[in-house]
Every structure is written in C-alpha cells, then in structure tokens.
Amino acid sequence: MIPHRALSFQHRAEADQLRAAVDAGGTAVLSQVLTGTGGTGKTQLAADYARTAWEGGTVDVLVWISASSRQTIMDGYAQAGIEVLAADPSDPQQAAQSFLAWQKPKRGQKPCRWLVVLDNLADPADLWPPSQHGCTLVTTRRREAALTGEGRRLVHVGMFEPSEAAAYLTAVLTAHGRHEPLSEINALAADLGYLPLALAQAAAYLIDAAITCADYRRWLADRIKKLARLLPEPSALPDDQAVTVAATWSLSIERADKLQPAGLARPMLQLAAMLDPNGIPQTVLTSEPARAHLAAHRAASQREPALVTAEEAAGALRVLHQLTLIDHTPDNPHQAARVHQLVQRATRDTLTSHQRDQLALTATDALIAAWPDIELDTALAQALRANSAALVSHAEDALFQDGAGLNVLFRSGSSLGDSGQATAAIKHYEHMATIAHDRLGADDIYTLSARAGLAYWRGEAGDAAGAAAAFEQLLADELRLLGPNHHPFMTRANLATYRGRAGDAAGAVAAFEQLLADRERVFGPDHPNTFPTRSDVGNWRGKAGDAAGAAAAHEQLLADELRLLSPDHPWTLITRHDLAFWRGEAGDAAGAAVAFEQLLADQERVFGPDHPKTLTTRHNRAQYQGEAGDAAGAAAAYAELVADKLRVLGPDHPSTLVTRAHLGEWLAKTGDAASAAAVFEQLLPAWERVFGPDHPDTLGIRANLALQRVKASDYAGAATAYEQLLPAQERVYGPDHAQVLTTRAAIAGFRREAGDTSGAVTAFEELLTAQERVLGPVDAHTLLTQNNLTAAYMQAGHTSKALTLLEDLVPRRSASLGPDHPDTLASRAWLAGLLTERGLGRLPREPSAAWRDAATAVSLVGPHLGAAPELLVPRLRAAYLLAAVTLEVDGQTEAARDYRQRAGQLDACHE
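In terms of our numbering, the sequence shown has 90 at position 90, counting the first letter as 1, and numbering is strictly consecutive.
FYI, nobody ran anything at the bench for these hints, they're computed from the structure. Fair warning: this is a prediction, and the values are worked out from it, not measured in the lab. All the given hints hold, so there is nothing to weed out.
Okay, derived cross-link-like pairs now, DSSO-like style, lysine-lysine, Cα gap no bigger than 27 Å in a straight line:
id	residue 1	residue 2
1	LYS543	LYS669
2	LYS543	LYS613
3	LYS711	LYS669
Could you put the whole structure together from the sequences, leaning on the hints where they help?
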C-alpha cells in the first residue's frame, strides 16, 4: 500500500531527478535508488513518484513492498503473485517465484509495464526484481557500491533546503491556524538541521502543545531535556509516521555495529556525537585515545582483542557512512566525518550521565592527541577549535569536574590567539576564568591558569598596562596560596614583559635581572632553565636603549648554549637570531643581514622552510637587507615572504599581517608611494578584523596609508584617510596625544590645499591653542602650526592677523631654533615683506607709521643678511626703498637719496 501523501508535501529537486531519468530515456534507467539517512523523506518522494506514475497511466502494475528484510521482500512478491496472477496463497514461496518469473517478458506477448518499489531496503544483496521491461525504485539508508551498477541510478536525498524547510513549516502551521514570525521559523528549521522528519514532528508537537517556535527552540537548547520529550507520542505522529526522530536511527546503528569491524560503529558514533556536526578531523577519531575507547567497548561487547588499529577505526567510520549515519569523506581529512546534529542529540540521549562524562574526557584526550604543537595547518587548527567548542557546548560540566578535561579549553584558547584572534582569545579566557571561579573556586589552580591566559592575551591584544596589572595581582595570589617554596617564574616573567611593553623598559630589565638571580639560585648558573631568562635580560636591555649591551649578552649566552646544548638546539638557534637582531640594532645592518642569512640555512635544515621561526628569520633578514642599503631587495624579499606566509599561516595570522605592513614600508622607501599606499589600503581591513579598529598598530596602518597617499600625490585620498583616522586616535589616545595633534595638523593643511580657507583657519587656530597648552609655545610642532596658520590667514585675506602672528613667531623661532636657522630666517623675510607692503599702503597719509614699518623690516633682515642673502637682500632692498619714499613724502630729499643709494649698493654687491 502506497503511504499517504504527507501534509504540506514539498516538491523537491530529487523528484525531478527521478522523473528526468525516465523522461530522458524511457526505460534506459530501469532501477533508481533513493539513498539518505533516516528522516530525509525518501519514502514520501518514492510514494509521490509511484502515485504520479499510477495516476498518469504510465504503469500497468504497481507493487509497494516494505523491504526491511529478505523475508518481507519475499512476502511482498508473494502477495503480488496472488493478486496479479491469482497464485495459490497457501504456497507463498511459489507465488513469489511466479511473480518474479512473470516480470520477465515472454516471446509473442505484449510486455507489461510494472513498477516495484522496495521501501527501506536493509541489505543491498536482497532480492531485486528483473528489470528488462519494468522499473524498480528503492529507498535505503545504505550506500555501498552494490547499490549501483548497470541500469541503476543513485539519487542522494539530503535535508530540505532552508527555503523548503521554511515553506514546509509555514504551510503546516498555517493549516492549523498558526502564524509564527518568519525569523523564528527559519531559526527553528536551522536548529533541527533542516531534517524533514524532525520538522514534521516538531510542528506537530508545538501545535498539540500550543507553544510557539521560540518556546520549542528554548526547550530544544536545554541539554537536560531529551529529544524524545520534545516530540509527539507515537500515537500522535503526523503523516502515518511509525517512529519518532529520536528512534529513527536506532535500527541503523544496530546494523552498523554488526558489520565489520564488528562492535566499533556504535562507540565511534557516540564519540562523534560529542564533537562538531559540521566536520571532525580524521586524526581525532583515529587517535590513540579514540582507539582505546573503541577497544574498551569492543572488549566488553564482542570479547575480541582489545587493540584497535587506526585502519579499524577508519573502517568504523566507513560502516557508519554506509548506513548514512554519518558522511565520511577521507579526502577532506580536516572535516572527514559529518554527523547530523539530531543524530548526535539522539545518540547522546541514549547515554547515562556517567557515560556522557567519560565520553567528554575521551573526546578531550582525542582532540589534544590530534593537536599539533606548532599549527602550520590553519584549516586543521580551525577544525580542532570548532570541535572543542562543540564539546564544551555538550559537556562543559564534565570538563570542569575533571581538571584534565580543561586541557582542551586551554589549548583551544591558545590556538585562537596564535591564529591572530586575540580578541576572541580574551573572550574565551574570560569565560573560562568566570566558570572556573564559580565551579572550582577563586583559589583553584585552574582558575589561576585561566586568569594567566586572560592576562596574556590582553597584553598581546595591545593592552600591556592592563596585562601587567593582571599579572601583578595573579602573582600576589599565587604567592599567598602556594607558599614561599613556590617559584612563580612564568608569572614573574610575564609581569616583567608587559611592564616593559607598557613603557617601563628599564623596570623590565631590573625585573628580569632579579628573576635571573633567583633562577640561578634554584637551578644553578649553568642550568638550561636559566637560558630563557638570560635571553629576556638581553632583549630588554636592547629595548631600553642598550643595543650593544643586548648583543654582548646574547653573544655570551650563545657561547654557553653551544657548550651545554648543541648547535642545532632550538634555544641555540633562537639566541643566534636575537644576537643577529641586536647587532643590527647596534648599527651593523650588513653584519646582521649576513648573520640572518647563515641562520636561515640552519633553521631550514632543522625546522623546515615553513616553520614559524624560519619565516621570522626571513622577515628579519629582509629588514636588515634594507637597512644595509638595499631597499629594493628588501621589498622583493618581503613580497616573496608574504606569499609564503599566506600559504602557511593564512591571511589573518598576525605574522602575515606584520610582514605585509613591512612590505608597504619598504615599497615606500624605494620611492614607490603608490604601491605602498595600495598595500596599506588592502591590509587595513584585515588588520582591523584581527586586532580591532582601536589597536595602536591599526592606527599606525591608517597613518601610513594617509602618508603614502600624500607622497603619491593622492591628496583627496590622503585627506579622507586622515579624517577617518582622527576620531579613532582621539578615542584611543585622548585629544592631547602627540599623534592626534599631528593628524589634526595634516587635516588642517589639506583643508587649506582644497580651498576651504575658513575651515583651515579654524582648524589651525584650535590646533595652535592645543599645542601651546600641551607641547609649549616654542616646540617645533607648535611653531610649524603658527607658521601654517599665518599662511591660512593670508589666504583668507586676514593680513593684519598674519602680521600679528608673524611678529610673535619670529622671536619664538629665534629662541627655539637660533637666529640664523633657515626657518627663523624664512619667518624674518616673510614678516619684513608684509611690513613693507603695509608701510606702502600707509603713504602718503601716515608717513610716521610707514617709517616704523620700514625701520622694523630693516632690523629684521639687515643683521642676518650674510646667512641667506638670496632670501633677505630683496626684503632689505624693499625696506630701504620704503624708507626713501617715506622720507620723500616728508620732504627729506637728502635723506631719501641716501636710502636709495643703499638699495642700489645692495643690488651692486649681490648681483
């Protein structure tokens, strides 16, 4: 009997695929197999196809058989033989054989068009009807190769598309007078993984229980509630459904567990149920902890050898794949196993609380075992983090009950930060610290460790002062809780580091020197445990300004490491790197470049070409290649390194972003400002995404972008960049920070260049007031702004304001820069010229005032004539001529002649 059509049946693409095979070739495809996991709607698709074929008159005989076993298939064939051929019902075996024989065409007889539907075929090897002149349609959860072959076509039936799921829920609810917001319908469909059976049963439940989609979603999210409690009773299932979603996969699991490798499918599915439904790495599910879990289950149930090989673990995944309980794609090893979220939920619901807790710890161990010490594969790291997050969502309580379970949380947090997601790492450790505090107590070692992770990534995200304060409090708590015999060396080292990064480099040196003394007292002066601290002492000496001292410290450390360790020991190679760096910072750029080149060869041999430390050495080699004078070579090296870091680390890794920034800087130093600006423009969105819009280095990228646009003559683009930069700088640094004032100066200048004279005057006036208050009246930046404001006044026609400002600027520049500094002389010449122009304008009515202007102009430039004759002679000559004209107006002809002679002598002397 064909199943009834489901309420609000949705036409799907798979139905078109079924019909297309026949339409295109008649009986060319004689057997079609609908395969997919339980609950995807295979039976309804088959029923729709069969009903359409029957009602359309394209088949003469239609047989629908429940194919859950070989016996039920034979029973179906027998019943068909009885009804079609009037076979003897007392001999079902013969009736079945008669029907199968009848399906084969006989010579001279008109062939009968028949369609046999084998619904829910359990075993691909079971009886199939002959297909020369009829069609067979099969639904099954299996997908072995035996289901395909000549004349058979496989059609995969998956979940509803999101639009189909929403349309189905909307139609069912509307049919019962229910109207829900589309956003809630879409969200519920997503929560149920778009599984048709789950959607049907959830809709029936919320209709019967008179609850909303939001209510159902809230209950579904409650991990305590079992899935069976959120579905209708078996007697209330819609559309003649026989089992609930919660039970629909149980038979498949039983069958899978009997297939070879026997006894491993169920425990493998249980482990996978604790992890990410969107993809679990193969290495996790075949790891030693995972295999130990499988072995324990098989030993208990099958009494077979406890050892489970990686091949057997992979075989268990294949069995689950064959029964469509998972999707196993070994060619995508980082997401090799995908499990529908409801399959996972139903599987977890079968576990006791103890079993679930033990599985959580097994999953933790499996993830840690698969997690590489150095994350060179960003896709794998992302998949491991996603699986850790899924594990936490399923079993956070279990992880916090057992301290060992928290290892995966610490590893995931570090991975987030190492991948460049410092902000996400902070949120991760904030959550960890809060939960650990609430569940384990403020003084628990794991709570302290979570606080350490939070402080560390706060510092790496740019808040060095906040990190230092957090480590200072953590150190006090560790000393209080763990006693005087505890040596919190790591916390002390982090505290010193972030104090240094917060600006107290000298304090960092002192702290590391004290830490070194304590380590040497505990371990001895030649113990390798003292070497990292010796390196820190040297590095912070360099950061405090003593690059030569830093190089000397690393040179001595290298000698000891070569004596006590080996030339290829990682610490030895790190020290060689630091020694080369500080030699470069001490002024020997060429020597540093050579040292980095030699180190690079050894690191590539020891670590490999893609190791992060190897890439760092390439970065610094390029830097000092440029510092040694080869800017073009440095830019080329950085361009090559960017390509490799994108391949190895990914586009959002901090190291990749830093190298891209250096590429922009060295392109600028080659004079290619346009290319440099393009690099910074492309880099900015990624930098903001990784570090945040308010990170100091983000503001630095913005500033570089603006500067290179200026150098590339893209003044409009530069103005836009500076306008966008200023609010962020004011928010991060405050309105009086030097970088804020510099940006304000650039914006004012661009306003003047763009012709916005009024805006420029206002901007320069406000900036000058701020600079005089913050920097002082004779600071170079203040004086430059005073000069630029003078120019803006002149451009705006405010000559009297310009004169007043210049009269104040000349003595300020003279006092700050010296009387004969080029800037001072330029201001003198400018003021003298304006005074001369004003004096001429005062004649003939105000000769006395004109005389004062001439005299002042002469005193401004006359005594300094020899410092810049080309600049000052024309100004002095004009002042002499103004004096002559003034005297002539006043009737002093002889005196006027004297000043004209002086002007002439200037011309003669400086021709």
